[in-house]
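Peer 1: Protein chains in written order, with the working numbering: chain A, 1 to 352; chain B, 1 to 352.
Heads up, some of the hints might be wrong.
To be clear about the criterion: a stretch of chain B counts as covered by chain A if any three or more of its residues have a C-beta under 8 Å from a C-beta of chain A, and this derived list gives those stretches [to be verified]:
id, stretch
1, 104-114
2, 134-144
3, 152-159
4, 176-185
Heads up, simulated EDC-like pairs for lysine to aspartate or glutamate below, C-alpha to C-alpha not over 16 Å straight-line [stated by the list, open to error]:
id, chain 1, residue 1, chain 2, residue 2
5, B, Lys65, B, Glu171
6, A, Lys152, B, Asp149
7, B, Lys331, B, Glu260
8, A, Lys65, B, Glu59
9, B, Lys331, B, Asp341
10, B, Lys152, A, Glu115
11, B, Lys262, B, Glu315
12, B, Lys65, B, Glu167
13, B, Lys152, A, Glu114
14, A, Lys65, A, Glu171
15, B, Lys331, B, Glu274
16, B, Lys38, B, Asp17
17, A, Lys65, A, Glu167
18, A, Lys331, A, Asp218
19, B, Lys152, A, Asp149
20, A, Lys152, B, Glu115
21, B, Lys331, B, Glu257
22, B, Lys262, B, Glu299
23, A, Lys331, A, Asp341
24, B, Lys65, A, Glu59
25, A, Lys152, B, Glu257
26, A, Lys38, A, Glu120
27, A, Lys331, A, Glu259
Keep in mind that the hints were calculated from the coordinates and are not lab data. Computed from a predicted structure; not experimentally measured. No residue lacks a Cβ here, since even glycine has one placed at the ideal position from N, Cα and C.
There are 2 protein chains.
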Amino acid sequence: MPETPDFTLVCPIPIADYPNVMMAHGGGGTLMRQLIEKMFLRAFGTTDAGAQHDSAIIEPAGTGKIAFTTDSYVVSPLFFPGGDIGSMAVYGTVNDLAMAGARARYLSAGFILEEGLPMETLWRVVRSMGEAARRTSVRIVTGDTKVVDRGKGDGVFINTAGIGVVESPAEISPRSVRVGDAILLSGDLGRHGIAVIASREGIEFETAIESDLAPLGDVVMALLAGGIAVRCLRDLTRGGLASALNEIAESAGVGIEIEESKVPVRDDVRGACELLGFDPLYVANEGRFVAFVEQADAERALEIVRFHACGANAEIAGRVSESGAGRATLKTRIGTNRPLDMLSGEQLPRIC
Amino acid sequence: MPETPDFTLVCPIPIADYPNVMMAHGGGGTLMRQLIEKMFLRAFGTTDAGAQHDSAIIEPAGTGKIAFTTDSYVVSPLFFPGGDIGSMAVYGTVNDLAMAGARARYLSAGFILEEGLPMETLWRVVRSMGEAARRTSVRIVTGDTKVVDRGKGDGVFINTAGIGVVESPAEISPRSVRVGDAILLSGDLGRHGIAVIASREGIEFETAIESDLAPLGDVVMALLAGGIAVRCLRDLTRGGLASALNEIAESAGVGIEIEESKVPVRDDVRGACELLGFDPLYVANEGRFVAFVEQADAERALEIVRFHACGANAEIAGRVSESGAGRATLKTRIGTNRPLDMLSGEQLPRIC
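Chain A extracted, bound-state conformation:
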């Protein structure tokens, strides 16, 4: 477990002297060291000496199988209702590990800062990362800081890579999906994308739409601990539910059928989507996933997921079928079948 991070609200780099990030903060000299020691290590509660050397030495226990993943985060704006780039950089990577049935243990953090970034802004981001790491019991053990000239970046980009210990005895992947499996959807769709775009464009809705950003490690570990036969997991980020199901259908060579009536979308989110011309099935989420589970375990899996706050609105939303192999289909409320094709790109750029 990491040391308790220091969450004082006061930026540990003296703002009077260094109001903004300078090129020298990425130069490998005393200013970079100050940034690492006073700000990063402190917020992350990292005490390992290795964090200041070229590599961290770790000893992940467990079965010997390790999950390894990476994501860069370029979300704009940096802060949005329900989250920020810092918490996202931790939860996003923790979630990718969870989707492989792995418990996240170690993260790396690579920062690309734009010259002129207010030091206070960086502190808020870094503090948020530290809080998110503490909440998910992951240790940020190694990192890197680069600074690019003004106009060659956009405030801050963060890359995290994550190492997790695989807790699932069986392989969790599209390859394991079988005809007849139930498809559990963990909650309502579309909030993250709408929250970010509304925040970026200065659009206000009648109700506050907050991102669904949440760590998914606990709920996945609970499914595994409960003995649920989990076949495949996928979080519903870029491209949303439709793209995720499409990819799985294609990789697994099976058909996927989803009931529109079992896909929760909040009224305000649906309204915002209509207003902005988006389809909630393709909008990115940051705390939602689908679980393909053996049919016999479906109801028990639903109970387990609903027990967690991030899965309170979970539904058994569909099933794996023999027909329509390679394709995902939505059974609409009026009884028609709508193919869920892949889009060429994301409707909403820079939402993660």
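Position chain B relative to chain A; hints supplied.
Peer 2: Relative to the frame of chain A, chain B by itself:
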């Protein structure tokens, strides 16, 4: 071992249709998939299905001790004499693992692309990464692609995180350094920084100065296999030799003495440094390191290092002393002692 990558010179994405990277290439849809499947996986020789899912599953064998590191690469220009951002993103991270006594096994690759980047440029970079990975026998097993709007990035930034298996029985770190240890310097200094800055600023010298960029895994593994008592290793990147020795002296609480006459700097590099106002002791290298070894092993270590092309000009350049604890000192050719202080930043921004 990775599959033999496909190094055809023809860009696998049809340039006529997609001459430049578009926002949609980072959107999680069909265009991103095309980029990943046709370009990245092909150049990297990655066949693991996991590379297309949320996490890669790996089983690093060995002692159970794993080294984990990360670096983001923002070098400008993307191509410079002796290397490019792609080869650097592989070798740099492989080298950080080597400095922990670890053999690099797996890499992640996170791309932040700027909208409008020529597809051909991306292909050259990615191909170079693939070649570098093959040369160092590392597998690029997981990745991520983001695209930022024009003017919010700078062509391409790459983050790699690396996992290596620790091969050294003893801890390799400043903590292990002892008074009396010999300090081996693996070669001449200053070429990388000068090559990049000259290329960026369009400066031409009489002789071609190429970066010293090189993978250091083999030479480090040879030292360990040779039974050399290696105490500490450090590659001489940002901040150069002076900053590295300074940090080690401080961490280890020892004095470090270096002989100027044993620090090789090529005449053309020295001339360029004088012209540009740089000190070669602080200029970044990408294929140079110092090894702190037990005094009794020094000559044998030197032989091993010189046997490798990247260490042909190695020297025993100094020793660890009791006096001057926490500081590094240069004994000049005229017999005076010059303290090697830390600079506040790098003299040359964006050289890695």
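Peer 1: Now tell me if each hint is right for this structure.
Peer 2: Each hint tested on the structure:
Coverage of the stretch 104-114 of chain B by chain A holds [criterion: at least 3 residues with CB-CB distance below 8 Å; count 6]. With 4 residues carrying a beta carbon less than 8 Å from a beta carbon of chain A, the stretch 134-144 of chain B meets the three-residue requirement, and the given coverage holds. With a cut-off of 8 Å between beta carbons, the stretch 152-159 of chain B has 5 residues touching chain A; three or more are needed, and the interface restraint holds. Counting residues of the stretch 176-185 of chain B whose C-beta sits closer than 8 Å to any C-beta of chain A gives 0, which falls short of three, so the coverage hint is violated.
Our distance criterion of 16 Å between C-alpha atoms is met by lysine 65 of chain B and glutamate 171 of chain B, whose separation comes to about 11 Å. A threshold of 16 Å between alpha carbons decides the hint, and for lysine 152 of chain A with aspartate 149 of chain B the separation of about 11 Å falls inside it, so the pair holds. For the hint pairing lysine 331 of chain B with glutamate 260 of chain B, the CA-to-CA distance comes to about 6 Å; that is within 16 Å, so the pair holds. Our distance criterion of 16 Å between C-alpha atoms is met by lysine 65 of chain A and glutamate 59 of chain B, whose separation comes to about 5 Å.
About 14 Å separates the Cα atoms of lysine 331 of chain B and aspartate 341 of chain B, which keeps this hinted pair within 16 Å; it holds. Among the hinted pairs, lysine 152 of chain B with glutamate 115 of chain A is consistent with the structure: their alpha-carbon atoms are about 12 Å apart, no more than 16 Å. Distance restraint check for lysine 262 of chain B and glutamate 315 of chain B: the Cα-Cα separation of roughly 6 Å lies within the 16 Å cut-off, and the hinted pair is therefore satisfied. Of the pairs offered as hints, the one joining lysine 65 of chain B and glutamate 167 of chain B holds, with about 9 Å between alpha carbons and a cut-off of 16 Å not exceeded.
For the given pair, lysine 152 of chain B sits about 10 Å from glutamate 114 of chain A by alpha-carbon distance, which is consistent with the 16 Å threshold. With a CA separation close to 11 Å, the supplied pair lysine 65 of chain A and glutamate 171 of chain A stays within the 16 Å bound. Proximity of lysine 331 of chain B to glutamate 274 of chain B is assessed by CA-CA distance (about 20 Å); at most 16 Å being required, the pair is judged violated. With a CA separation close to 14 Å, the supplied pair lysine 38 of chain B and aspartate 17 of chain B stays within the 16 Å bound.
Proximity of lysine 65 of chain A to glutamate 167 of chain A is assessed by CA-CA distance (about 9 Å); at most 16 Å being required, the pair is judged to hold. With a CA separation close to 31 Å, the supplied pair lysine 331 of chain A and aspartate 218 of chain A exceeds the 16 Å bound. Straight-line distance between C-alpha atoms of lysine 152 of chain B and aspartate 149 of chain A comes to about 11 Å, which keeps the hinted pair within the 16 Å bound. A C-alpha spacing of about 12 Å is found between lysine 152 of chain A and glutamate 115 of chain B, which places the hinted pair at or below 16 Å, so the restraint holds.
Between lysine 331 of chain B and glutamate 257 of chain B, the direct Cα distance comes to roughly 7 Å. Compliance with the 16 Å bound is thereby established for this hinted pair. For the given pair, lysine 262 of chain B sits about 14 Å from glutamate 299 of chain B by alpha-carbon distance, which is consistent with the 16 Å threshold. For the suggested pair lysine 331 of chain A and aspartate 341 of chain A, the alpha carbons sit about 14 Å apart, so the restraint of at most 16 Å is met. For the hint pairing lysine 65 of chain B with glutamate 59 of chain A, the CA-to-CA distance comes to about 5 Å; that is within 16 Å, so the pair holds.
Proximity of lysine 152 of chain A to glutamate 257 of chain B is assessed by CA-CA distance (about 40 Å); at most 16 Å being required, the pair is judged violated. Of the supplied pair hints, the one linking lysine 38 of chain A and glutamate 120 of chain A holds, its CA atoms being roughly 13 Å apart against a limit of 16 Å. Note on lysine 331 of chain A and glutamate 259 of chain A: the hinted pairing holds, with a Cα-Cα distance of about 5 Å set against a maximum of 16 Å.
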